[in-house]
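**Student:** Protein chains in written order, with my numbering: chain A, 1 to 99; chain B, 1 to 99.
One or more of the hints may lead you astray.
Any copy, or any two copies together, can satisfy a pair, since identical chains are not distinguished.
Derived SDA-like pairs (lysine to any residue); straight-line CA-CA distance at most 25 Å [unchecked claim]: (1) K44 - D10; (2) K96 - R19; (3) K96 - S81; (4) K96 - A26; (5) K96 - A52; (6) K84 - R14; (7) K44 - E71; (8) K96 - E3; (9) K84 - M48; (10) K96 - T12; (11) K84 - P34; (12) K96 - G18; (13) K96 - S41; (14) K44 - W79; (15) K44 - A9; (16) K44 - E95; (17) K96 - R47; (18) K33 - R58; (19) K84 - R58.
Just so you know, the hints here were simulated from the structure itself, not pulled from any lab data.
There are 2 protein chains.
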Amino acid sequence: MDEVLAAVADPTRRAILGRLAAGGEARVTDVAKPFTISLNSVSKHIRMLERARLVTRRVAGREHFLSLNPEPLDAAVAWASELKELWAWRLGELEKVLG
Amino acid sequence: MDEVLAAVADPTRRAILGRLAAGGEARVTDVAKPFTISLNSVSKHIRMLERARLVTRRVAGREHFLSLNPEPLDAAVAWASELKELWAWRLGELEKVLG
DNA sequence: CATATATTCACCTCTAAAGGTGAATGTTTA
DNA sequence: TAAACATTCACCTTTAGAGGTGAATATATG
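Using the sequences plus the hints, can you model the full thing?
**Tutor:** Now the structure itself:
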């Protein structure tokens, strides 16, 4: 989960995920197009997203097609939800005690 | 949102948040007790959580009491949910086209 | 084959986090 | 006031991400 959260902590990487979510499969070059940073930097971001299993790659000839895999986000969202539930439950218990 | 996600990307910091969610207000020393790392390291983690507004501090005499503030997590969870919805919707559209 | 395009690899700089140690500050209590 | 405790501040080392440039590799197309 650590790698997933660190991966989505960066706005460039969230933008890449948003692009893949909205438009589906896309080449590395196309994914990089909206950004002013170099292609190499985008490639590094993509590698981090792959390491977190948020992005998968399909190679066809000289083109590398990227796809979104949102599944690893589930564990992170579940953690946050459980934390909030735990916190809310404790507040409720506290109110009971305080009358 | 970046700082919040980076903050929760670390397991030590998630453990601190879990402790505060389950047990409510706690002193820095008590929060640090379960960890083998030094008090200074824990203090640094807490400072990052404060910067992300996930933790608030109340000073009483020589004791600093920490509380959880889960609210900044909402934006992060909302982003993830929207991403998944967008992705699922696109899959649906794709199925329509493919028959 | 030669050229253009796509992607990666190798290397560099800068910045910041993680962890540590030791001293300084502030607060309580005997 | 002196001693004990809690917290922070200042500084150091190691590691890693963000960004860049330029070269190497692989593929497609004239």
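**Student:** Look at each hint and say if it fits the structure.
**Tutor:** Hint-by-hint comparison with the structure:
1. K44 - D10: Both. Shortest intra-copy (12 Å) and inter-copy (21 Å) distances satisfy the 25 Å Cα cut-off.
2. K96 - R19: between (47 Å within a copy, 21 Å between copies)
3. K96 - S81: Within. Shortest intra-copy distance 23 Å satisfies the 25 Å Cα cut-off; inter-copy 33 Å does not.
4. K96 - A26: between (54 Å within a copy, 20 Å between copies)
5. K96 - A52: Answer is neither: 42 Å inside a copy and 30 Å across each miss the 25 Å cutoff.
6. K84 - R14: Intra 23 Å, inter 12 Å, cutoff 25 Å: intra and inter.
7. K44 - E71: within (21 Å within a copy, 32 Å between copies)
8. K96 - E3: Answer is neither; intra-copy 39 Å and inter-copy 35 Å both fail.
9. K84 - M48: between (28 Å within a copy, 19 Å between copies)
10. K96 - T12: neither (45 Å within a copy, 31 Å between copies)
11. K84 - P34: between (36 Å within a copy, 22 Å between copies)
12. K96 - G18: Only across copies: K96 and G18 sit 22 Å apart there, 43 Å inside one copy, limit 25 Å.
13. K96 - S41: Neither, since 54 Å and 36 Å both go past 25 Å.
14. K44 - W79: between (27 Å within a copy, 23 Å between copies)
15. K44 - A9: both (15 Å within a copy, 19 Å between copies)
16. K44 - E95: neither (49 Å within a copy, 32 Å between copies)
17. K96 - R47: neither (50 Å within a copy, 32 Å between copies)
18. K33 - R58: within (19 Å within a copy, 47 Å between copies)
19. K84 - R58: between (38 Å within a copy, 21 Å between copies)
Violated hints for the displayed structure, listed by number in ascending order: 5, 8, 10, 13, 16, 17.
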